[in-house]
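Take these sequences, add in the hints, and give me the full structure.
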Amino acid sequence: MTRNSCQFPPIRQTVQMNEAMTQSPRIQDMPSDQRPREKLAKLGPAALDNAELMALFISTGTKGRSAIDIGRDLLTKYGSMGALGGLPVSELAKEKGLGLAKASKLAAAFELGTRVAREQLRDTPLDSPERIHDFFGPQMRHLPHEQVVCAVVDTRLRHMGTTVVSIGTVNESSAHPREILRPVITRGAYGFILIHNHPSGDPSPSRADEKITRNLVEAAKLMQVVFMDHVIIGKPSPGRAAYYSFREAGIVQ
4 MTRNSCQFPP
14 IRQTVQMNEA
24 MTQSPRIQDM
34 PSDQRPREKL
44 AKLGPAALDN
54 AELMALFIST
64 GTKGRSAIDI
74 GRDLLTKYGS
84 MGALGGLPVS
94 ELAKEKGLGL
104 AKASKLAAAF
114 ELGTRVAREQ
124 LRDTPLDSPE
134 RIHDFFGPQM
144 RHLPHEQVVC
154 AVVDTRLRHM
164 GTTVVSIGTV
174 NESSAHPREI
184 LRPVITRGAY
194 GFILIHNHPS
204 GDPSPSRADE
214 KITRNLVEAA
224 KLMQVVFMDH
234 VIIGKPSPGR
244 AAYYSFREAG
254 IVQ
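Following this note's numbering, the numbering of the sequence shown begins with 4 at its first residue and continues without gaps.
No lab work stands behind these hints: they were computed from the structure. From the three backbone atoms N, C-alpha and C, an ideal C-beta is built for every residue, glycine too. Misleading hints may appear alongside valid ones.
To be verified - Using 27 angstroms as the maximum straight-line C-alpha spacing, the simulated DSS-like pairs for lysine-lysine come out as follows: (1) K45 / K80; (2) K80 / K108; (3) K214 / K238; (4) K97 / K45; (5) K97 / K108; (6) K45 / K99; (7) K66 / K97; (8) K99 / K80.
Claimed, not checked - Computed beta-carbon distance windows for the label pairs: (9) Q37 / R217: 54 to 60 angstroms; (10) G47 / G253: 47 to 53 angstroms; (11) E182 / A44: 47 to 53 angstroms.
In structure tokens, the structure reads:
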């Protein structure tokens with residue numbers, strides 16, 4: 004019986020070979036016209052996909068994973084830029100390849116995008132549920148928790164500012180009319196809009212939502228301020244609206 008002269012490489016060497024085959028190239032090893040920074044400088048930011056844009060803020064990758072790979076991994080996990088933008092920095096920082104510094108840069112980038120979008124709508128009157136949704140929806144529909152905000156408007160129904168009233172489950176104690184009306188009075192606003200989100204994506208109001216709205220209608224009358232609407236932000240899907248308006252429902256008039 005003869006010994007087979009064919010020998011397999013050591014297990015450790017095989018593992019190293021497999022790792023080398025699955026590792027993505029580092030950004031600095033990519034052709035210059037494929038690197039995000041150089042590509043942006045030559046073609047403009049619109050030429051970059053979302054993962055490449057995120058890579059500019061992530062800056063560095065991990066062993067075998069470039070900053071672009073990390074961006075793609077995050078988009079695959081959370082599904083959209085909006086969902087990522089709704090994450091608290093502390094949660095984003097736990098993602099592999101990030102940490103607090105990189106997560107903070109990404110959060111700042113998402114917030115800048117939100118503020119730019121709002122500036123473009125700044126002079127648009129918030130005179131309909133659809134416009135209210137367009138103004139607040141992009142920021143609020145992906146939040147992982149319920150958030151209640153009070154937006155105040157001037158006599159031309161333009162946005163003057165927004166105050167976070169509560170974070171967490173909406174109830175009478177967390178969204179008391181006194182706390183909601185406080186920024187309206189202190190800013191001398193003409194009127195206000197109450198907005199909150201449903202993380203489930205279904206904007207249908209709960210009994211607590213309806214009770215809070217009816218109480219707020221009466222409180223606004225007493226304080227002689229205009230209660231424009233209470234809009235619940237959801238997530239659009241086939242057969243379901245992206246928002247619910249208490250004005251459209253006839254409860255706020």
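Quick rundown of the hints versus the structure:
Straight-line distance between C-alpha atoms of K45 and K80 comes to about 30 angstroms, which puts the hinted pair past the 27 angstroms bound. As the CA atoms of K80 and K108 are separated by approximately 19 angstroms, the hinted pair is consistent with the 27 angstroms bound. In summary, the hint linking K214 to K238 is supported, as the alpha carbons are separated by about 23 angstroms, within the 27 angstroms threshold. Only pairs whose Cα atoms come within 27 angstroms are accepted, and K97 paired with K45 is rejected, the gap being roughly 34 angstroms.
A hinted pair counts as satisfied when its Cα atoms are at most 27 angstroms apart, and K97 with K108 qualifies at roughly 14 angstroms. Taken as a hint, the K45 and K99 pair is broken in the structure, with Cα atoms around 31 angstroms apart against an allowance of 27 angstroms. A hinted pair counts as satisfied when its Cα atoms are at most 27 angstroms apart, and K66 with K97 qualifies at roughly 17 angstroms. For a cut-off of 27 angstroms, the pair hint linking K99 to K80 stands: about 12 angstroms separates their Cα positions.
Taken as a hint, the range 54 to 60 angstroms holds for the pair Q37 and R217, whose Cβ atoms sit roughly 58 angstroms apart. G47 and G253 have their C-beta atoms about 48 angstroms apart, which keeps the hinted 47 to 53 angstroms range intact. One distance hint, 47 to 53 angstroms for the beta-carbon pair E182 and A44, holds here, with the actual separation near 48 angstroms.
The structure does not agree with the numbered hints 1, 4 and 6 stated previously, though it agrees with the rest.
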